[in-house]
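In order, the protein sequence lines correspond to chains L and B.
Quick note: the first sequence uses the numbering used here, first residue 139, plus one each step.
Quick note: the second sequence uses the numbering used here, first residue 139, plus one each step.
I should point out that these hints are in silico values taken from the structure, not numbers from a laboratory.
Accuracy of the hints is not assured; some may be wrong.
Each computed DSS-like pair below joins lysine-lysine, with the alpha-carbon atoms no more than 25 Å apart [said to hold, decoys possible]: (1) B:272 - L:198; (2) L:272 - L:237; (3) L:237 - B:272; (4) B:237 - L:237; (5) L:237 - B:198; (6) B:237 - B:272; (7) L:272 - B:237.
Protein chains: 2
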Amino acid sequence: MTESTSASPSSRTPRLYWEDFEVGTVREFGRYEVTREAVLEFAARFAPQPFHLDDAAAAKSLFGRLAASGWHTAAMAMRMMCDGYLLDAASLGSPGVEKLSWPAPVYPGDVLSMRNTVLESRPLASRPEVGLVKSRNEVLNQHRQVVLSMEGFGFFRRRRAGAPPA
Amino acid sequence: MTESTSASPSSRTPRLYWEDFEVGTVREFGRYEVTREAVLEFAARFAPQPFHLDDAAAAKSLFGRLAASGWHTAAMAMRMMCDGYLLDAASLGSPGVEKLSWPAPVYPGDVLSMRNTVLESRPLASRPEVGLVKSRNEVLNQHRQVVLSMEGFGFFRRRRAGAPPA
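All chains, full assembly: derive it from the sequences and hints.
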């Protein structure tokens, strides 16, 4: 996708439950074209630092040229995750992420994609109908460089509440 | 502020350098009104999950009612940090954040503010003109509940490159 503000609020029937996020599973998906307009628009609203808004300032920065805000990259990652699997999953949200890093800049013209690796999985003791999944989510650019990496937690409904893990 | 897409790319002369982020310093700042329109717009673009887009779906979710995407909250935090100190600082960007969590939902109508606590500070061995600052950044709602917490790293230029820490 490129820029889109359309989205179906989705009363989709979930295909993916907690049981479907097996430790070790790797999913690759997504295609997100980073436009200059979107970089400037996000930065103007949320991260108005010179190196995200101004070519001359960016040239003198550690980025070398106009670069997307890391929070914009995180938001684009979220969109790819939604389209890639979250909207088809019995997702109940996320309590947080660990180790969010931006090892390389994202530039206008880049084409991003995602790699999701399931790291841990366990039922929630407090809510037998819910399971927790920890996964590493990486955003890659068209050169297969990792431009964002994070370890995220997600809550998912269990297919058979209270059943022992498969 | 509420919604604004205006921003001066800022050739401001920095007031704050690495030396000005002393360990233990606490800064409170910011005021960000969360509008329903902004919650829906961000979600439609970046996080089109039903509980961020649809009142009925949200009512049945863990959030209880329509809630902002955690990535929207992170972006609003970034805007408050920019306006609160980053745009007045010799900021060189961030390599990443740790322990990003969303302990309570953000709802339309909430009024957010920030608390920044400097946790660690050291010069960069590889670049004597640059120092690294680690700080805890918390977003509070109007009830003083923490709705986002993260430990972030930031690069800042040193006031006197290579000088020993004050």
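(request) Tell me, in ascending order, the numbers of any earlier hints that this structure violates. (result) Of the numbered hints given earlier, the structure breaks just one, which is hint 5.
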